[in-house]
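Student: From first to last, the protein sequence lines are chains R and U. The working numbering puts the first residue of the first sequence at 1, with every later residue one more than the last. The working numbering puts the first residue of the second sequence at 1, with every later residue one more than the last.
If you're looking for bench data, these hints aren't it; they were derived computationally from the structure. Just so we're clear, the structure is a prediction, and the values are computed from it rather than from any experiment. Careful: at least some of the hints might be erroneous.
[What the hints assert, rightly or not] Calculated lysine to aspartate or glutamate pairs in the EDC-like style (CA-CA distance at most 20 Å, straight line):
| no. | chain 1 | residue 1 | chain 2 | residue 2 |
| --- | --- | --- | --- | --- |
| 1 | R | Lys103 | R | Asp93 |
| 2 | R | Lys100 | R | Glu39 |
| 3 | R | Lys100 | U | Asp166 |
| 4 | R | Lys64 | U | Glu47 |
| 5 | U | Lys137 | U | Glu167 |
| 6 | U | Lys135 | R | Glu97 |
| 7 | R | Lys68 | U | Asp166 |
| 8 | U | Lys137 | R | Asp93 |
| 9 | U | Lys105 | U | Asp166 |
| 10 | R | Lys68 | U | Glu167 |
| 11 | U | Lys105 | R | Asp93 |
| 12 | U | Lys137 | U | Glu100 |
[What the hints assert, rightly or not] According to the in silico footprint, chain R covers these stretches of chain U (three or more CB under 8 Å from chain R):
| no. | stretch |
| --- | --- |
| 13 | 22 to 30 |
| 14 | 90 to 104 |
| 15 | 148 to 162 |
| 16 | 165 to 178 |
[Stated by the list, open to error] If you anchor each label on the Cβ, the simulated ranges turn out as follows:
| no. | chain 1 | residue 1 | chain 2 | residue 2 | range |
| --- | --- | --- | --- | --- | --- |
| 17 | U | Thr165 | R | Thr136 | 26 to 32 Å |
| 18 | U | Glu62 | R | Ile22 | 55 to 61 Å |
| 19 | U | Gln151 | R | Gly11 | 49 to 55 Å |
| 20 | R | Lys116 | U | Ser32 | 51 to 57 Å |
Heads up, the beta-carbon is just placed ideally off N, CA and C, and yes, glycines get one too.
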Amino acid sequence: MNKKAQIEIMGLMVIVLILIFIIIVSLRFLVSPKSDTDELQRQSIQASNMLNAIIRSNTPGGSKVTNKIVECYNANNIDSDPCTFMRENFQQDILNEVFKTKKYRLEFIATNPYPKNYYGIQNCDPNQATITGSATVSVSPRILAKIILCIQPQQSISS
Amino acid sequence: MNKKAQVQFMEMIFVLLILVVIIFMGFIFYYSFLYKGLEEKGERFTEIDAIILTDSVASMAELTHDTGVINSIKIFSLVEHIDDDYYKDFFGDDKKVILEVVYPKPEGDVDCTSIDPNRHFDTNYHFNTNYRNNKCKSFTIYDAKSGIREQEIRQNPVSVYYPLTDEYKIGILRIGVYKNE
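The whole structure should be built from the sequences, with the hints applied where relevant.
Tutor: Here it is as structure tokens:
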């Protein structure tokens with residue numbers, strides 16, 4: 001191969017290298033995943049604020065919401081009046097109103113003698129979705145309340 | 001110029017043309033990403049601003065009853081002084097802050113602290129007619145009214161205390177920002 005041909009191949013290689021460099025830089029910007037860590041923290045704070053507001057709130061009748069939660073636990077029947085009250089009031093009036101498009105699960109856990117989930121209200125199954133935030137507070141010495149926020153596949157995290 | 005030289009000349013022009021196109025495309029990519037990045041940063045800062053404001057409002061001594069609990073009566077006295085420069089600086093010149101009561105639902109749908117365009121606000125009327133009769137659905141804490149379109153950018157659940165009945169309700173603190181587009 002003569003010298004001129006070698007120089008031309010070198011020139012071609014330089015152009016190919018420039019093209020590869022441009023493609024790599026473009027792909028880096030286009031494909032790089034966005035970090036959702038901040039949004040996850042914010043959603044956990046929102047879940048925590050929601051739980052604290054629920055636990056502190058009164059019912060339309062004037063009694064404490066925590067009384068209904070304990071009554072539902074004592075009734076040991078998810079179709080009992082206190083449990084039905086919780087489902088109707090919490091889901092329709094509170095959770096759907098506050099979280100709107102977000103998916104959630106609100107669960108109540110009895111801690112004695114061992115942790116057991118005794119009641120849950122949800123429009124998202126955390127086992128089949130991605131958890132985006134969660135918070136737990138104590139309702140009484142024997143009961144914990146937990147909110148899990150989740151996204152279904154194809155749902156945006158910040159929606 | 002002989003034919004071989006002409007071909008080489010054409011080849012050089014072709015290579016230069018491709019290089020110019022590549023450089024031009026690079027510039028377009030660079031500026032489009034730069035512009036997109038600036039827009040995203042702008043939105044991000046507005047959002048961070050709103051998050052800080054949400055937490056600040058929920059812990060303002062002028063409003064709170066307890067940590068994270070807003071005293072509904074204190075909103076009336078705050079709104080009477082909301083035109084002070086201190087609060088304009090505190091809330092920002094493009095924000096709207098509303099507290100909406102969601103549970104238990106009030107019997108009315110009145111915004112008990114909204115201020116008309118003439119900055120007129122009758123505290124006693126709203127307090128005695130609507131607040132005492134549980135008709136206050138929302139409370140406008142601050143409204144800059146500085147743009148054409150208002151967009152809600154953040155909301156946060158809070159506990160709202162009603163001293164007259166010694167009750168707590170659940171509210172949503174909504175932060176909106178005015179835009180001129």
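Student: Now tell me, hint by hint, if it's right for this structure.
Tutor: Each hint, compared with the structure:
no.	hint	result
1	R:Lys103 to R:Asp93	holds, 15 Å
2	R:Lys100 to R:Glu39	holds, 17 Å
3	R:Lys100 to U:Asp166	violated, 29 Å
4	R:Lys64 to U:Glu47	violated, 35 Å
5	U:Lys137 to U:Glu167	holds, 15 Å
6	U:Lys135 to R:Glu97	holds, 19 Å
7	R:Lys68 to U:Asp166	holds, 18 Å
8	U:Lys137 to R:Asp93	holds, 14 Å
9	U:Lys105 to U:Asp166	holds, 16 Å
10	R:Lys68 to U:Glu167	holds, 16 Å
11	U:Lys105 to R:Asp93	holds, 8 Å
12	U:Lys137 to U:Glu100	holds, 6 Å
13	22 to 30	holds (count 4)
14	90 to 104	holds (count 3)
15	148 to 162	holds (count 5)
16	165 to 178	holds (count 7)
17	U:Thr165 to R:Thr136: 26 to 32 Å	holds, 30 Å
18	U:Glu62 to R:Ile22: 55 to 61 Å	holds, 56 Å
19	U:Gln151 to R:Gly11: 49 to 55 Å	holds, 54 Å
20	R:Lys116 to U:Ser32: 51 to 57 Å	holds, 55 Å
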